[in-house]
Amino acid sequence: MKPSFLRFLCVLFLVPLAARAQSAGHPANQLRFCITSQPKTFDPQLVTDDASETIRYLTGGVLVRLNRSTQQLEPALATSWQVDRSGRTIRFVLRHDIYFSDGTPFSAADVAWTMQRLMNPALHSPAGDAFRSGEGRVVTQVIGKDRIAVTFPRPVVGLARLFDQVAIMSASSPHGGMAVLGPYCLAKNKAGSWLLLKRNPHYWKRDTAGHPLPYIDSVRIDVEPNRDIEVLRFLHGDIDFINSVDAMDYDRLKARAPSTAIDAGPSLDSEQVWFNQVPGAPLPAYKKAWFASTDFRRAISESIDRQALARVVFRGHAHPAISWISPADKYWFNARLSPHPFDPHGALRLLAQDGFQLRNGALYDRGGHVVEFSVITNAGNLYREQMATMIQQDLAGIGIRLRIVTLDFASLIERITRTFDYEACLLGLVNDELDPDAQMNVWLSSAENHQWNPSQKTPATSWEAEIDRLMRAQASTSDLSRRKAEVDRVQEIVFEQEPFIYLVNKDALSAVSTRLRNVRPSVLRPQIYWNIDELWLDASGGGKR
Amino acid sequence: MKLFRAAAIAFLLVVCLAGLLANVVAPASCARQFREQPDAPPSHAHWLGTDDLGRDRFSRLLYGTRVSLFLAPAAAALAGVLAALIGGVAGLAGGWIESCLMAATDLFLSMPWLFLLVTVRALLPLDVSPWASVTITFALLGCLGWAAAARVVCADVRTLWSSDALLLGHASGSSGLHLLRWHIVPRLKPVLWAQFWISIPVFILSEANLSILGLGVAEPLPSWGSLLSELESFPVFTTQPWQLAPLFLLVATVSCFHLALQNQESWA
Amino acid sequence: MGTLSLGPDPRPMISLLKFAARILVILTLGGFLGATLVRLAPGYGVDQEELDFRLSSSSIQFLRQADSPNVSLFTFYARYMLGLLHGNLGYSRNLQEPVRQLLAERLPETLKSVTLALVLGWMAGLSLAMAAALARNGLLSAAASLLASIMLCIPAAVLALLFVDAQLPGRLVLALIVFPKIFQYARSLLNRSVALPHVLLAHARGAGGLRILLCHALPVAGPQLLALAGVSVSMAFAAAIPVEALCDLPGIGQLAWQAALGRDLVVLVNLTMIVTLVTVLANSAAELASRASRGGET
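Chains as they are written, first to last, in my numbering: chain A, 1 to 545; chain B, 1 to 268; chain C, 1 to 298.
Note that these hints are calculated values from the structure, not bench results. Please read all numbers here as calculations on a predicted model, not as lab measurements. Think of the CB as a built atom: it goes at the ideal place given N, C-alpha and C, for glycine as much as any other residue. Some hints here could point you the wrong way.
[Said to hold, decoys possible] Selected chain B positions facing chain C (in silico; Cβ < 8 Å):
#, residue
1, 15
2, 194
3, 197
[Claimed, not checked] DSBU-like mimics (lysine-lysine), calculated; alpha carbons at most 30 Å apart, straight line:
#, chain 1, residue 1, chain 2, residue 2
4, A, 188, A, 205
5, A, 254, A, 188
6, C, 18, A, 188
7, A, 190, C, 112
[Stated by the list, open to error] If you want the ones that stay clear, here's a sample from chain B, every Cβ over 12 Å from chain C, calculated:
#, residue
8, 23
9, 34
10, 35
11, 54
12, 70
13, 123
14, 129
15, 180
16, 206
17, 244
Take the sequences, apply the hints, and build the full model.
Shown next as structure tokens:
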């Protein structure tokens with residue numbers, strides 16, 4: 001072969017490698033980060049997904065804001081507020097001379113319009129659902145330009161806190177929902193790829209020196225479903241933070257750039273496994289009998305080594321879960337509950353009470369059926385797959401054969417909400433609410449998200465009836481100590497019955513570039529940018545945060 | 001070259017044997033978790049270290065060989081046979097039959113088959129055994145992977161059928177079957193071999209991707225595909241190069257297959 | 001399809017009409033089959049937000065109804081086709097934008113990636129295949145094979161990660177995925193051609209390697225290589241789906257990936273039709289070129 005041909009080949013392969021990707025010059029005062037999917041809506045009242053929530057948080061102006069660090073409510077568009085003794089009415093005093101991003105003035109009429117729209121049953125707003133404690137209309141009473149009272153048909157627990165989720169919309173702006181009161185407004189949306197937010201020139205807040213906030217001019221949010229690529233982009237300085245990092249990536253980041261990795265401690269999220277207890281599920285009767293047995297569920301729970309799950313799968317960045325309320329929620333967590341034991345022998349004793357027998361390394365039930373079942377989990381979540389694999393080995397220790405099936409999320413949801421064609425399911429609960437009242441739709445036996453046996457006409461068991469009673473009771477009083485006692489009792493029942501076998505509470509892990517300043521990481525979402533208007537970018541990069 | 005071929009065949013034999021005798025050769029079961037040493041580097045006890053759950057990587061590689069080395073070539077062969085049949089019939093028949101078959105091939109190349117796989121998963125019971133699941137997956141891959149090759153085969157057969165040699169054969173009174181058996185089929189080999197080589201690694205990797213649909217191997221059974229997908233994490237290449245072992249093994253096996261059967265391939 | 005000929009002969013017109021009708025039938029069928037696959041697969045009309053515990057029962061019911069309107073597959077498809085006749089491609093449920101706009105934004109990106117991948121893939125694949133066919137010693141051939149095998153064996157996601165890490169353009173990943181397939185086919189075809197009697201004869205007469213390849217081997221393998229060229233277009237399009245999704249390239253591959261995860265029926269039907277159209281056009285062009293070249297030879 002002639003050398004010229006060889007040269008041609010070399011050039012052919014080297015040219016593309018030499019052609020480095022042009023790193024597009026980003027504006028200096030632009031914050032960049034990633035979300036995993038395109039926001040499903042820009043209507044702040046219809047937000048259901050994380051991505052839309054991000055946009056609402058950055059663009060929406062609210063009457064009161066929950067300080068994610070102190071977990072206390074702070075004035076925002078409202079300078080003060082008061083809930084009356086009935087727990088039904090809240091009165092706000094609003095700020096003066098505030099304008100929407102398009103220059104339209106803000107007044108109490110906008111709040112009234114927002115609340116009426118939010119509470120319209122036809123809208124089916126999730127933020128509105130949180131206020132819906134009973135049938136009837138919501139009454140808004142505008143008392144002058146800067147005062148308003150909102151009255152609900154029934155008492156609403158934690159009423160003021162719920163307004164953290166209500167972005168005020170303009171009643172009169174020609175731009176409709178695009179006129180916002182938050183620190184940023186949407187400038188461009190390349191659907192499925194990226195979004196650009198620009199600083200709201202009319203944002204009301206100023207720093208102590210009187211400078212208008214926010215400090216950062218624009219925010220570019222890339223849609224990046226691949227977490228590994230997100231981490232790589234962070235390491236290359238292409239994005240400024242990762243709100244939620246996996247345990248493994250956290251350790252790797254810690255090794256490569258120690259000052260960027262942040263562990264804010266246990267979060268409110270939990271990982272759990274549950275058995276299908278739906279009476280009409282297409283399962284053999286003997287399996288339904290296993291899953292309905294408290295001893296069986298407790299035995300499974302006792303044979304799972306939660307410490308090992310936290311240590312191996314989450315690299316120590318998780319803690320064995322005890323209750324449906326995370327220990328991170330210091331007020332509501334029932335501290336009297338002790339951790340679930342890891343005791344395979346105890347598990348076998350419990351199973352023996354129900355007539356199960358261990359023969360030649362395999363467990364048989366009273367009817368002679370080998371005890372084996374499948375657990376489904378969502379594909380693509382490495383940690384859930386690994387937890388399932390570890391549980392598989394733990395259960396093999398008591399003679400149970402577990403099959404692991406990973407499914408795409410849509411198929412999995414169809415199985416757990418419509419066809420009920422599954423035996424056990426391993427999923428997590430993403431939680432931002434400190435108040436347990438937010439989980440009403442999980443614990444009421446009539447609720448859709450009462451996953452082990454949803455939408456019951458009457459409670460299937462006495463303990464579910466008791467949980468129904470206690471949850472309704474806590475929702476009807478504003479007496480905090482009474483509510484605490486009732487919620488504690490619910491936690492005890494769940495601890496004894498284990499309809500959900502809680503596995504671990506993950507830590508809130510994040511990564512933040514050293515050029516992003518004033519960051520105060522929190523365990524509550526959005527962990528890193530909850531104080532977005534106070535964040536600023538240091539052009540020089542390094543140094544302490 | 002002969003020496004290379006012999007070495008390649010020997011290597012393949014060793015790999016096949018190691019896969020077959022995995023439960024004898026492997027230092028540990030592929031499922032056993034050494035929970036005290038997750039993600040350990042190579043050591044005397046664990047030649048290729050351990051994975052995230054503390055399972056011996058070397059043992060998993062051996063067990064994975066069993067799944068991938070036997071099923072992927074079988075699926076590739078199935079795809080090859082289908083390509084030869086459909087492309088061959090189209091090329092030989094010509095006219096409207098060719099038009100219809102090639103239109104079907106074009107459609108086949110364009111369909112979102114992912115959803116068929118999702119449906120198949122839904123039709124299978126959840127407690128289907130890992131071996132059955134992986135066999136079904138490879139069978140599906142074989143059934144879906146023929147279309148591109150069929151087009152090339154069709155063009156090939158059409159050209160061959162109208163070539164001088166075949167026209168001469170026709171004129172000398174050879175029967176169609178005779179010509180097919182002795183002139184067409186052997187000449188299709190290069191295209192089919194190419195299809196075969198491409199399909200083996202592609203199927204091995206696809207099988208791992210299908211695990212997101214609940215098809216493919218299920219834990220704790222490993223496959224080369226699932227071991228390779230562990231590489232999809234950013235620091236592996238620089239900090240844990242021993243994790244590249246499955247990639248080396250796959251490349252070596254595919255190359256050795258190539259080398260071992262090179263004479264067949266260049267038949268003309 | 002008829003032969004190409006010039007002059008006032010009406011046959012080319014008829015052929016063209018026939019060809020257009022064929023494409024139309026295949027497209028209609030493709031769209032319908034695509035819609036059927038998506039609609040019948042589990043998970044259609046299911047939304048992850050149903051698991052949001054903040055939602056009341058009535059909101060969940062509303063979400064379910066909104067996600068899977070009570071319309072049969074045939075009605076959906078008939079409505080879609082009617083819209084198509086008026087230039088309306090429908091509305092994306094996931095991305096909340098008209099599909100036409102999404103495609104207008106994204107199609108050029110993918111066409112760029114696919115063209116680059118095909119050009120680079122063919123240049124690299126064919127030139128290496130030629131080099132391997134010409135090489136006297138087996139070393140170059142083995143080296144080329146090894147390179148192709150490595151590229152085939154590395155998962156696309158790993159390649160994408162490596163490229164992001166090295167800050168190289170993600171488009172090149174597509175070229176690296178297409179290249180080994182073209183190389184394998186082209187090498188097989190060329191190997192066979194160089195071993196043909198008349199090529200061997202030319203060799204024995206002292207013709208140079210490159211001359212043998214260009215004047216004797218390539219023309220013999222021409223129709224098959226053209227068929228491969230046609231098929232390689234659909235290969236590149238198929239590979240674009242994971243690569244664009246992984247490398248964050250805002251093309252229709254990324255759109256297809258997101259639509260598949262979110263079961264966005266309208267987007268998926270449009271994409272299936274586009275891919276079908278490209279496949280049919282590429283393969284028909286390859287076939288036409290092949291017939292024309294054979295017509296020229298005889």
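Structure-based check of each hint:
1. About 14 Å separates the beta-carbon of residue 15 of chain B from the nearest beta-carbon of chain C, more than 8 Å, and the hint is not met.
2. Below 8 Å, beta-carbon pairs count as interface contacts, and residue 194 of chain B has one with chain C at about 4 Å; its hint therefore holds.
3. Given the 8 Å rule on beta carbons, the hint for residue 197 of chain B holds: about 5 Å separates it from the nearest Cβ of chain C.
4. The straight-line distance between the Cα atoms of residue 188 of chain A and residue 205 of chain A is roughly 24 Å, inside the 30 Å bound, and the hint therefore holds.
5. This hinted pair does not check out: residue 254 of chain A and residue 188 of chain A have alpha carbons roughly 34 Å apart, beyond 30 Å.
6. Distance check on the hinted pair: residue 18 of chain C and residue 188 of chain A sit about 45 Å apart at the alpha-carbon level, beyond 30 Å; violated.
7. Taking the CA atoms of residue 190 of chain A and residue 112 of chain C, the gap is about 18 Å. The hint holds against a cut of 30 Å.
8. Here residue 23 of chain B stays apart from chain C, with its beta-carbon at least about 26 Å from theirs, past the 12 Å limit.
9. Listed as a non-interface residue, residue 34 of chain B keeps its Cβ farther than 12 Å from every Cβ of chain C; the least gap is roughly 26 Å.
10. For residue 35 of chain B, the non-interface assignment is confirmed: its Cβ lies about 28 Å from the closest Cβ of chain C, beyond the 12 Å cut-off.
11. The beta carbon of residue 54 of chain B is kept farther than 12 Å from every beta carbon of chain C, the shortest such distance being approximately 23 Å.
12. Non-interface call for residue 70 of chain B relative to chain C: holds, since the shortest CB-CB distance, roughly 17 Å, exceeds 12 Å.
13. A beta-carbon of chain C is positioned within 12 Å of the beta-carbon of residue 123 of chain B; the least distance is around 9 Å.
14. No beta-carbon of chain C comes within 12 Å of the beta-carbon of residue 129 of chain B; the shortest separation is about 21 Å.
15. Every Cβ of chain C is farther than 12 Å from the Cβ of residue 180 of chain B; the closest lies at roughly 18 Å, confirming the non-interface assignment.
16. Not every beta carbon of chain C lies more than 12 Å from that of residue 206 of chain B, the smallest distance being close to 10 Å; the non-interface claim is violated.
17. Not every CB of chain C is more than 12 Å from the CB of residue 244 of chain B (nearest about 10 Å), against its label as outside the interface.
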